[in-house]
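K.L.:
One-letter residues, chain by chain:
Number of protein chains: 2
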Amino acid sequence: MAVGTFRLQAACTRFSSIAPATALHRFPLASSLYSHGLHLGASVSCNAVQQQVQSTTEKQQKQETSQFQKGQKKVQQESVTPRSQDFNMWYLDVIAAAELADYGPVRGTMVIRPYGYAIWEAIQNYLDAKFKETEHYNMYFPQFIPYSFIEKEASHVEGFSPELALVTIGGGKELEEKLVVRPTSETIVNHMFTQWIHSYRDLPLKINQWVNVTRWEMRTKPFVRTLEFLWQEGHTGHATEEEAEEEALQMIEVYRKFAVEEAAIPVIVGRKSKLETFAGAVRTYTIEAMMGDRKALQAGTSHNLGQNFSRAFNTQFLDSQGEQQYIWQTSWAISTRMVGGIIMTHGDDMGLMLPPRLAPIQVVIIPIWKTDAEKETVLAAATSVHDQLKKEGVRTKVDASEQKTPGWKFNFWEMKVFLSDFHDLFLLIFVW
Amino acid sequence: MAVGTFRLQAACTRFSSIAPATALHRFPLASSLYSHGLHLGASVSCNAVQQQVQSTTEKQQKQETSQFQKGQKKVQQESVTPRSQDFNMWYLDVIAAAELADYGPVRGTMVIRPYGYAIWEAIQNYLDAKFKETEHYNMYFPQFIPYSFIEKEASHVEGFSPELALVTIGGGKELEEKLVVRPTSETIVNHMFTQWIHSYRDLPLKINQWVNVTRWEMRTKPFVRTLEFLWQEGHTGHATEEEAEEEALQMIEVYRKFAVEEAAIPVIVGRKSKLETFAGAVRTYTIEAMMGDRKALQAGTSHNLGQNFSRAFNTQFLDSQGEQQYIWQTSWAISTRMVGGIIMTHGDDMGLMLPPRLAPIQVVIIPIWKTDAEKETVLAAATSVHDQLKKEGVRTKVDASEQKTPGWKFNFWEMKVFLSDFHDLFLLIFVW
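Protein sequence lines correspond, in order, to chains A and B. Mapped onto numbering that gives the first Met the number 0, the consecutive letters of the first sequence carry residue numbers 0 to 431. Mapped onto numbering that gives the first Met the number 0, the consecutive letters of the second sequence carry residue numbers 0 to 431.
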């Protein structure tokens, strides 16, 4: 039995981009893996083990590389159109092959599968913490909005009415007033704000909700544009115009930072043209990203709503001078479209590549054995490494299923989680 | 300036139920508060400070008690009907006074306000971790279900058809097939499971989703029964009947443990009668709790679905002997109704009482000052204590707003978060 082979794809970005050899010294985990090899192997010095493992790694890598190339070719032939060949087809193939999403039974709807949803959860975890740090509170508004609400703000109804889904029957009876299935919540938010806000003491009011929204899109594309999608929508009310503008800018900066630092997507922050401004807003700020096909993707927006909705819904407060004033508002959103943006920014001909901080799985351990005796030793080692990595906060999976061959697993995981751009995934292969 | 006054309502349950005096020694935080007082006060020994503070506390408590009683009477008169007088009215009053929820514009809908939503988030945090520990993956199914799906399982359509909300217009056009707004997801889940499950290797398949659901209820009550509510729904597919039964029992046990240990609600685990079994299930397990009005509340259910849905949707797999078999299934859910259960179990005449582990705020610090010089010292002390408590993982709020009097704050927070039953909230009052 060999001591062990690890294919270390450099270290985590949090230890900066460093070469594998250096990583062994700088990344305590990597060292502990070597010690672990030593423990299972023979009594050689740590340096010797490192050298041994390194040389094994080099030799092994050649074999693996050819195995991977063979596998990838097979995967490509079978399922993933190369990105360079047909970007749109590649995008759909990657989503299917990496099991990120599937088509729902209703045209334009999408089932977000566990691996795709885990990316969304990582997005949620980061943003939710940032919203709370900036003193926004989560809450929940009903998704059914009386049709008359939508009509109250002129440009809002103009923008949204072609995209509405309407509930007309409830509990077996025709409804007196049609209900709009939430396309966005400014109207119902203002209806409630009007009841909650009375004086300047009630301001600012800063809330957020994580919900599903429905827009009857005709041309749909998984994650990018679907009939129903998930998002967060922040809504705030302020006493002054300046404060609202400051809030809108603060939130687009939260989005920019998220896109660049977490999703590793370079974005340009800017202001939307009049035509592309949100229906009901005074100004819309946006982060725009360039996808692998060189097309731009609107990845997040923050709106200064001015007093448009407060005037339509009569949302007033008594200022400190005792005067009635309309509140100043903002709203801002990031949606599951971001998952599409991540795929289209980082993926390559081979399949999906995920930014390490959002990757649901950062390390995959594929144990390899022949005999039952080997199995026991190898699985114990795999579990032990898994536990060490987990303890260090690395999201790790041992794929020990016996129904698939290691070759199949390499190809599958390579396509699903590999992050060669970021040097932030380890693929550890145990050949004991 | 006095050294400082703390009204310590005993220690956290995690330090067990112990008297305040003991708590000072056993709970390092409490000691550090005294040291803090010492630091701000004069050079007296720690014991002396303890005695001083304790005696101050006793004297102060009388004043506070009368202040509280006065305040509570006022609050009761103004807003909260005593529980002993009219349970239903009390329930609605508490929800309004503690700002947990409000009525939405559409009959039977509910806006969950930040304080109520934070309780739901605490429920989610605990359960989501447990679901992941038991290897369930989160995902998302579309909320629009073709009407024909609902009709496929006979008892399912019978049970749910009177409660459906139907979308009949989308994008300005009458739809060819009505869409059901998700009342529960067994049908769409099975539609997808049929595509994903082919062989025994694909089983078990264990998923969960956190979503909104709609049931057109005629008699509604905030949290307990609303037209739209939030819940999690777990769905699993198994190769054998035994495995499905084991899963259904495992999940009702997760719910029981949650109810008892986190929500501090005693529950009885049992099996629903034929009449109350979920529409489409073979067996429904339930946790039933007794509310303050001695009525039972169904607080969570776990269903063994047998092969009812797999036969209706033709969800088959090739077993290890090469035979086609229908899968065995479960589903299980806990909803925002749990928030109602918490209110109705723990609240008293004075208002809301929350189980400490789910309380969004466990400690409220109300600084009191007269002069500007006092203000600076008091706020610095309050912030310092806040930071120490936060570091210890205690959810703490400093209410330093100058627009409300301390008396108003006592009453407000007493009603909103006080936990006298559990001896798990500190109300710290700084009178420097």
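Since the hints were made in silico from the structure, they are not lab data. On a predicted model such as this, the values are computed, not experimentally measured, just so you know. The C-beta atom is built at its ideal place from N, Cα and C for all residues, glycine as well. Check each hint, because a few of them may be wrong.
[Said to hold, decoys possible] Sample of chain B residues facing chain A (criterion: CB under 10 Å; computed from the structure):
| no. | residue |
| --- | --- |
| 1 | 119 |
| 2 | 345 |
| 3 | 400 |
| 4 | 405 |
[Claimed, not checked] Here are the simulated distance ranges between beta carbons:
| no. | chain 1 | residue 1 | chain 2 | residue 2 | range |
| --- | --- | --- | --- | --- | --- |
| 5 | B | 195 | A | 245 | 34 to 40 Å |
| 6 | A | 197 | B | 129 | 40 to 46 Å |
| 7 | A | 319 | B | 267 | 34 to 40 Å |
| 8 | A | 310 | B | 87 | 37 to 43 Å |
| 9 | A | 95 | B | 293 | 52 to 58 Å |
[Claimed, not checked] Footprint (simulated), chain A over chain B, 3 or more residues, beta carbon under 8 Å:
| no. | stretch |
| --- | --- |
| 10 | 85 to 94 |
| 11 | 200 to 210 |
| 12 | 229 to 236 |
| 13 | 248 to 258 |
| 14 | 281 to 292 |
K.L.:
Each hint needs a verdict: does it hold in this structure or not?
P.N.:
Verification of the supplied hints:
{"no.": "1", "hint": "119", "verdict": "holds (8 Å)"}
{"no.": "2", "hint": "345", "verdict": "violated (22 Å)"}
{"no.": "3", "hint": "400", "verdict": "holds (8 Å)"}
{"no.": "4", "hint": "405", "verdict": "violated (16 Å)"}
{"no.": "5", "hint": "195(B) with 245(A): 34 to 40 Å", "verdict": "violated (48 Å)"}
{"no.": "6", "hint": "197(A) with 129(B): 40 to 46 Å", "verdict": "holds (42 Å)"}
{"no.": "7", "hint": "319(A) with 267(B): 34 to 40 Å", "verdict": "violated (55 Å)"}
{"no.": "8", "hint": "310(A) with 87(B): 37 to 43 Å", "verdict": "holds (39 Å)"}
{"no.": "9", "hint": "95(A) with 293(B): 52 to 58 Å", "verdict": "holds (55 Å)"}
{"no.": "10", "hint": "85 to 94", "verdict": "violated (count 0)"}
{"no.": "11", "hint": "200 to 210", "verdict": "holds (count 3)"}
{"no.": "12", "hint": "229 to 236", "verdict": "violated (count 1)"}
{"no.": "13", "hint": "248 to 258", "verdict": "violated (count 0)"}
{"no.": "14", "hint": "281 to 292", "verdict": "violated (count 0)"}
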